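Trainee: Modelling step: build the complete structure from the supplied sequences, incorporating the hints.
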Amino acid sequence: MSAIAWKTLLRRPGALLGAFLMIVIGASLISAFSLIRHSAVNAEPPVERYRAVPVAAGGTEGLFTPDAVDRVRGLSAVQEVVPELTFTAIVLDAGGQPVLPLTRIAQFGHGWSSAKLTPFALSAGRAPAGDGEVVLDRELAAAAGVSPGDSLGLLVAGAKRTYRLAGIAEPAGSAGPLAYQRTLFFADEHAAELAGRGAGRVDGLGVFVRAGADPAAVAAAIRPLLSATIQGDAPGPAGLPTLQVLTGADRGVLEGSLPDDRATGQTMGMLTAIVALMAVTVISGALITSVRRRSRQLALLRAVGGTPGQIRVLCCAEALLLSLLGGLAGSLVGLGLAELLVAALRSREVFNPAFRVVHSVEPLVLALAITLVAGQVAAWLTARSALRIRPAEALTNASAVTEDTRRSTFKIVFGVLALAGAGVIQVLGMSGLMPPALRGVYGVLASGLVMIGIGLVGSWIVYGMARLGRVPVARLSPVGGYLAAANVRFKHRRYAGVVAPLAVGVALAGWALSSLPLYTLSMTEEAADRVDADFILRTPLVRETYVGLSEDVRKAAANLPGVTTTAGLWEAWAQATPSRPGQDGSLQDTATYATIVTGAAGDLLDLQVRQGALSDEGVAVGAAYARQRGISLGERVQVRVSGAAEPIELPVVAVFALDKGGQEGLVLPGAALAGHVAAPLYDRILVRAESAGDPALSQRLDALAGQSGLVKVETPAEFRREYAAERSAATSNIGILAVVLVGGFLLLAAVIALVLSAADRAGEFHSFRQINAAPRQISLMVVWEMVLTVVPAWVLGVAATGWMALLMAGGNVEETLRALPTGTMAVFGAAALITAVAGCLLTSRTAMRSLNRFEVT
Amino acid sequence: MNTPPSSTRPPAAVRLTQVSHVYGARETAVTALKDVTWEFTPGTFTAVMGPSGSGKTTFLQCAAGLLEPTSGSVSLGPHQLNGMSEKKLAILRRELVGFVFQSFNLIPALTAAENIALPLRLARRGVDRAWTNELAKRAGIADRLDHRPHELSGGQQQRVAICRALITRPQVLCADEPTGALDKAASRAVLSVLREAVDDLGQTVIMVTHDPIAAATADQVLFLVDGRITDVMDAPDPERVAATVTRLAGED
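Line by line, the protein sequences are chains A and B.
What the first sequence shows, in my numbering, is residues -3 to 853, in sequence order.
What the second sequence shows, in my numbering, is residues 249 to 500, in sequence order.
Don't read these hints as lab results, they were simulated from the structure.
As the structure is a computational prediction, the values presented were derived from the model and not from experiment.
Using N, Cα and C, we set each Cβ at its ideal position, and we do this for glycine too.
Check each hint, because a few of them may be wrong.
Unchecked claim - Simulated restraints, written as ranges between beta carbons of each label pair:
hint: 1; chain 1: B; residue 1: Asp394; chain 2: A; residue 2: Gly759; range: 20 to 26 Å
hint: 2; chain 1: A; residue 1: Arg471; chain 2: B; residue 2: Gly450; range: 46 to 52 Å
hint: 3; chain 1: A; residue 1: Leu464; chain 2: B; residue 2: Glu487; range: 58 to 64 Å
hint: 4; chain 1: A; residue 1: Val361; chain 2: B; residue 2: Lys335; range: 55 to 61 Å
As the list claims (entries may be wrong) - Covered, in the sense of this in silico footprint (three residues per stretch, anywhere, with C-beta under 8 Å from a C-beta of chain B), are these stretches of chain A:
hint: 5; segment: 324 to 335
hint: 6; segment: 355 to 369
Mentor: Listed below in structure tokens is the structure:
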């Protein structure tokens, strides 16, 4: 039977080229996306600063106490432990502006004693000493145009300071300069002061091992030692673990010089799943069309004695051949596509400059496997539909299969259920009520359900639209439009194959683009709602972390005339457990984002406190989080904070409402954490003035901030606006990814449309020609068919987007309309329509030309 | 053999003068028609018979203006077709020629009534509902007008196709094996529709067929062998037609 499959394939190469092409495109997209995902998950930032040290330990800022360092020193295989501090220090030019763009490359300050980790050696001048000296690497010194003895400005710990350049350092040996970070060295004591970790804490450890010792074994011995020092740790639900001890190529992660692409990897994983899902429908559609086109051949086979089983085998064998060849070709094309995509995304700073495609067999095998499975599923469906046609009907040209009403009712009901389910999942996901296990995948679930839903009701919608549009379209175009409306209505199931991917494509792009402004809007609203201050001091967000403001800045602000109270805020993962027996405190899912406040929290935060009052004596718990954890006012709770040495027992002094459904469920007094975690820099400082909006105070605060423009002094209104812009700039990358993805799919869908209308219709065109329809009239019909297909699909996609946006905006129509990416969606719709029309005209012309030849011979 | 033109009679519906047609070139050249001259009188039913490869279909296509002959001239009523542009030809065909094919070529998405009215729509003329109903009634499909082709039998589909060919009141109706795909009863129904179109509406019909019984429905039968008209039979009956076919096949 597979011999017959080969022959049928070879006899109709043109008809099958479309299906083959679809498979190649689908497989190449899957392989490219999964290759990028694989690369992102397995991305290894280059080892630069830790070149010389075989074992490195790191984690959250200031994780390691002097005691922890001593414990590691005590291991027999350890020769030397070099403590390291890493903090952002930005070199400023004479005008007080950064000499290097902040987002382009990291600028890290360290203590001079940690220079041996690379090792850095002085190429000019001398080592830094005291509070006023700094050593720069050669590249920074060149960028700033300074030489030893010159003075220069730095922005560090939220303040602008002036230093004297003591010397210039560069990595020893032939390894060359560090590519992805710039380095500043301060005298050790001054570095500790600038980093402000407190109590001798450091950010990392470089461990030199004794000759003959195995670094991996040493790392394994260090891990439990260090874990024991953070008994009170609360790991976050995602991202980097609190503590890592790494060797070899893994050490690069700890340098923190490149943004972590693993989160992007997870997003890519989600996108890959969506792409795979779409590819399966697209590939199935193409295969089904290619076989349906030959339903008469199959009927003939049955008429001459082929059993249904043999027909099924034939379909499967054909699908296997096609999907195997197409899958192999597509996987290989995917290799190149991945490189192109990564290059494009890297240039848009979605990926860090060191990001490379990691070649691996796994994604290619995955693409091939998905293609083969899609092929077999399609073959099964095809065989089923081919067998539904009775041979006699197929042979007498009456191949229209009428679907019984029970089946179509079933389809519509399930389609609507799937769409409603998607909505419910999306709402649950956004309101934080999703079970933790599903939190990461609800987007995939929702889009999967939307796809299934549109797939099920799509043909019905196309039918309805064509039926509604028939009269107006026929009036507009009495021949082409009239015939197109009749065709689309009659063969609505065929056109539904185009509608589903198109609509989902538009909806995906729409969600990606509209959810971003709505998401940042809601985030900003909540962040701003929680703040009740007259002025807010902030540093710029560099790669999703704040450069930070020190306690010194807060104290200085507090001492300004006209200031009544201040508060310094930072955030960390934390967890609270009632101090009752039998409570498990180590569950990862119970972590929440805590705001840690030093200063007058009660005066400067407006959390809509329901019970009690904020105070330095205890912890304030969000109402939703308290409900989740069974915590009530007045009782004592064990609080764990990322990197804390021990759990901290505190009384619950307040329950507040604004906790984002338990996602930002704790407010902790900074004083209570002292000694348990490093004293970090503040993300922002809130200031209460004697008179609100006092312009004189505003000027004094500006002066305090150094007028560099890097520390911003904002009124609440400015904060609201700036914060939204900052957050959307930091998160827009995924939007770009989604658009890239959807663009690919729109093209795919357009290609399906071409394939569908190509060879399939030679017979139909023949009929039209024989009743003397002019070629122009046939072309016009084809164009109108595309209009009647693409426009409903687009409308469907826009409607889905609008619905989702409305849900996200909490029913606020005005915000929904503002967030809808109408321009982009219009461009997408127009592009799809133009591609589909152009492609269909091309293929129908070709079909008609071959027809003319056929007539003559 | 040929009927001489006469000034007293109305002009011919279709006239072929010394028409030859060659497919391909040089070594692969096949001559399908050789120097054929013939005139179709308006309001007559002519059947064209001949063995496979005798040039029947080529003859019909030349007569209908579907195919430009290699040499010779064709006129449809007063219109000389030679050298006419493809666009003009298409418009002329649309106005003057109706087609019926073995494979009915109905548009599956349209109902019987819509299929019948389609040529008027293509020509951007108003749909003549009364004429449609009249034709459908004559063809015995008046109760099937709202059905789509796949809901009709083969005979019914062919009768729809004939109505569609007649809707424009063409100068000539060309039928290529119209009963080729039908059983006896359906064939009879289709042939009687064609016959009535000639008798009642004064339609000129040219029909290519293999079937002596079908040919016997016509007023006149032309026999083609190797691209030439070798016999003409007036007032045919099935036995005589069959005998001639057998004789010609034997000579071949």
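Trainee: Of all the hints numbered above, which does this structure not satisfy? Sort the numbers upward.
Mentor: The structure breaks hints 2, 5, 6; every other hint is satisfied.
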